[in-house]
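Novice: Residues per chain, in single letters:
Protein chains: 4
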Amino acid sequence: MKIEHLKGLIAAPFTPMHADGSLNLSIVPGYYEMLKANGIMGAFICGSTGEGVSMTQTEKKKVFEAWASVSKDDNHFKVMPLVGGTSLNDCIELAKYAEECGLYAVAFTAPFYFKPANVQVLAETCRKVANAVPNMPFYYYHIPVLTGVGFTMFDLLNEIDDKILNFAGVKYTHEDFMDFLSCLNFKNGKYDMLWGRDENILAALALGARGSVGSTFNYAAPLYNELIASFEQGDLEAARKKQQQSIDMIRLLGKYGGIATGKAYMKLMRLDCGEFRLPVRNMSPEQFQLFKKDAEQIKFSIFCSQMPAASVIK
Amino acid sequence: MKIEHLKGLIAAPFTPMHADGSLNLSIVPGYYEMLKANGIMGAFICGSTGEGVSMTQTEKKKVFEAWASVSKDDNHFKVMPLVGGTSLNDCIELAKYAEECGLYAVAFTAPFYFKPANVQVLAETCRKVANAVPNMPFYYYHIPVLTGVGFTMFDLLNEIDDKILNFAGVKYTHEDFMDFLSCLNFKNGKYDMLWGRDENILAALALGARGSVGSTFNYAAPLYNELIASFEQGDLEAARKKQQQSIDMIRLLGKYGGIATGKAYMKLMRLDCGEFRLPVRNMSPEQFQLFKKDAEQIKFSIFCSQMPAASVIK
Amino acid sequence: MKIEHLKGLIAAPFTPMHADGSLNLSIVPGYYEMLKANGIMGAFICGSTGEGVSMTQTEKKKVFEAWASVSKDDNHFKVMPLVGGTSLNDCIELAKYAEECGLYAVAFTAPFYFKPANVQVLAETCRKVANAVPNMPFYYYHIPVLTGVGFTMFDLLNEIDDKILNFAGVKYTHEDFMDFLSCLNFKNGKYDMLWGRDENILAALALGARGSVGSTFNYAAPLYNELIASFEQGDLEAARKKQQQSIDMIRLLGKYGGIATGKAYMKLMRLDCGEFRLPVRNMSPEQFQLFKKDAEQIKFSIFCSQMPAASVIK
Amino acid sequence: MKIEHLKGLIAAPFTPMHADGSLNLSIVPGYYEMLKANGIMGAFICGSTGEGVSMTQTEKKKVFEAWASVSKDDNHFKVMPLVGGTSLNDCIELAKYAEECGLYAVAFTAPFYFKPANVQVLAETCRKVANAVPNMPFYYYHIPVLTGVGFTMFDLLNEIDDKILNFAGVKYTHEDFMDFLSCLNFKNGKYDMLWGRDENILAALALGARGSVGSTFNYAAPLYNELIASFEQGDLEAARKKQQQSIDMIRLLGKYGGIATGKAYMKLMRLDCGEFRLPVRNMSPEQFQLFKKDAEQIKFSIFCSQMPAASVIK
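Protein sequence lines, in the order shown, are assigned to chains A, B, C and D.
The numbering of the first sequence is this note's numbering, which starts it at -11 and goes up by one.
The numbering of the second sequence is this note's numbering, which starts it at -11 and goes up by one.
The numbering of the third sequence is this note's numbering, which starts it at -11 and goes up by one.
The numbering of the fourth sequence is this note's numbering, which starts it at -11 and goes up by one.
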């Protein structure tokens, strides 16, 4: 399999929910339009931001279908779902379903209850899932802060190279730049290394990253597109300013309790995706008012993503 | 709901697998007989030892059915499944199915990808699942080493008391005896605190524990029954010796790669449950030979569980 | 060297300070009297409770001298200082000074900035210090929560046995009862295993511990002496109640910010040792008032240590 | 105090030892010459690389003197010692001695046995030491991997700003680029942020770092000077290649047991600094031979620092 190297911003969409916590997939077409209108070139669905772990198999399949449906005639928009979880049979079923739906690729992360004892076991685990869809690009999703599995990706590449033929690359959500650069340089850049920490995308670009997957691209794509443009024009000073704005925005996630803050930002740009499911904590209405003020303070409205004029979402 | 306080040994059965990794539930009747013959009074199924996280919903339901079927006329044998996982909808579905099958109770552990931010969120998460089966005893399974969720159970009891009416107690797989004793003494012993670390059951007994859930009870029940008898007779010296034997046995789990060693012990007592699924690593045949020698060294055959003479398993 | 097995309670004294943070060693004679009057049989000085790491070499030597002086004619009162730190030359100097002062033994903990890479290196590090005082009992102080060095003591005993001839045992401040019992049973109880977690001394007694080192023995010796007496009389129910009282007392340490709470308890029994040095945080006067109320709530005055009538401290 | 912003490479010298582990300070003049000849503009002494924690106060003072002596007429070469440790009285004494010797600045790290409970306590701890030398620049050395103290430096700057008037900046040995950029931008770049992770200096440069402190600058200064030159000329491709070479070199530290590998690299460039003290583990002679081969493999001799022709070290 020829490995494609993706370039640009891939969003990790939130999974839209109704007030009662059930899926609200009617929003997906408008969500897709919005991403396109803001220069996003793909979607990483059912990952952390997409709350894959908090959904049933059936729900995940419905999300696959929804994104497959809106993007089916759009070869430039790449959709890849996270199929990972702790039951490999479930992962394999989802991987096959992703193929059936016509999605672009699949992603998988390390099982996070029982954890692989070494990188060989992790490679074997990946192989088992990758082999179920030999004609699809297979990405490993590296996010040790949530999985507790922290082997270097350089060691994983050494272990899978020439053994998992559809291994395409890594969504790298960790801050080990020594490892990341080593992977970028592995066999002259053979694998597609997608950066996954929005708050330091500038450092990743400096090292040679081309594609990125991020949750804040959902609601602040213009900021990152400008950051990348500045970087490509050699204007590091401007790029640093954009990165600092992104950091100020991301700092509010820490202040307001973590990942659910992302859906609060979405509300500010008028794409209401509901709330996160338990065990994630959502803001109280009082906190949301404070958050709104902080978002004004950092001038969120100036750099946030824009809903297209003719959006299907009213 | 009147909270029952269980007494004695509850095994956490291995889930039997065929060589190809599929379920081998034909073994369950014999497994049940064996546990009964060795003085075990219940089964905690689909937990860590039972590889719940590595199975699909459908598979877990089949395991529920198998154990429900063999124990349906046996009121003295308590079966409780772990319904936990990261998707609460899945947990709720399993809890209801456990009720439908006529199992005794359900157990739930903290979601372990997204983790509750504080003990209030954990309590709310428990409540959501417990409320689905208000007439069944609900146990919280405390195993921070695997879930990464380490709030004290004393704090959890304070949070759920009088709010989750079917909260029955805790399977306590952690070594915080300050917390454990505080829970035993909570409201004059209101809750059922089941000890879950076989290697220090003697310490738990000294503090007042009455019931225990363990994986090594599968294959070494006689050892633990003798340990408890010695303790109850006030012969601490003898109890310590038994505990040391249990430790020597458990040390081999560390030496041979962890949890999968349990299935190797089962092979030695001639109840072949197959292997663990990925990402758990199993012994190689060479390692198994070395393990057998070490098991002889610690005289495993003297204190191990015995297959009943008329076992259905040939 | 014949290894002596200590029995009973060894306090880990606070180092008395003046309001300006300088040593206030005039209190030591009265402190010693108080410990004796409350049934304490030794002192572990300059450890965690004694703030060894926060003192200069010169200050530590003065503390050695003060305790040596008050106990010099008292063969039943064993004083051992922690000589450990990160500079082995300093440790060796202190060990020799302890010998010169006539103290009973020395204790050493793992260096905690650079940490030994494996248990062999830890053993070698111990050996270097132990060899400086070959005629003194040498104890290893196992406190992974502060040093970050967590090798099992069973592995350390295997490594040092017959190699460090004055290795006498371990002050075990960790909650791994599997390891602790294995050490108690090592070569038929060859080494002196001193328990170091007051909040679960009952569990340790059940396993066979005889001596203990603790900070709360400073101010609640009667409680622990009664606990031990109940245990020895086979009255576990009474012992558990005492242990729960000890836990309620220790829980206030967590509530009021940690180790410095110990000096606040000392104030309540009218032995003012001043405050902890930075970076330890002390209570504000407002917090101290709240703390006093909580201490009344748990009836601290009923079981706390008593100042002798004729105390030199007025 | 006007805060100076250092630019370029500051080495963290190894402390030279004789074969018996005693100081070998006769090497320092030649060491200094070598650093100068390779474009190094300062020395961070007695830090991690310099084994400060493994030395006595007296030894540290001798190291201060040695470096003060060789650089006393060289205003362009900045020497700053780490005075940190766990005893603040010791730290203060060393800070004053550094001033007496005429060193440029002092550095301090968080106490690492008792750890500050929050960033306010850390700030108060810093203040106490900084106030002892109010006319010297005071740097905080941020190295959570060794101290276990991980507050963000952004929070520390907020806490100390306008309170510690001689606070000059941070030696940042951690990989949190969100925090690092926020500190660079704090009050328009008020503080001097020195980068301390050689393996990702390129990322730091991209964010705006100007000065760096590193251990591998001791033996590979030419590589880093070329990397910086490439970066400044806008040739990122070349800079990435240099960074990869640095990473390949640093990977051998992991392979051969850590920090002591640095002294092995020094031997290869013929500046023998002896071995690390316990508890750091040194290579065996056999391992050194393997290491030499690996060093050849990565072509260490091509980019390593060069001894000046007329070196005083023969």
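Hints were generated in silico from the structure; no laboratory data involved.
One or more of the hints may lead you astray.
If chains are identical, the list can't say which one is meant, so a pair holds when it fits in one copy or spans any two.
Said to hold, decoys possible - Result set (PhoX-like, lysine-lysine): computed pairs, CA atoms no more than 25 Å apart in a straight line:
(1) K50 with K175
(2) K60 with K103
(3) K281 with K49
(4) K243 with K280
(5) K116 with K49
(6) K84 with K50
Novice: None of the hints should be skipped; say for each whether it holds.
Specialist: Comparing the hints with the structure gives:
no.	hint	result
1	K50 with K175	neither (38 Å within a copy, 47 Å between copies)
2	K60 with K103	neither (36 Å within a copy, 35 Å between copies)
3	K281 with K49	neither (38 Å within a copy, 49 Å between copies)
4	K243 with K280	within (12 Å within a copy, 34 Å between copies)
5	K116 with K49	both (20 Å within a copy, 24 Å between copies)
6	K84 with K50	both (14 Å within a copy, 23 Å between copies)
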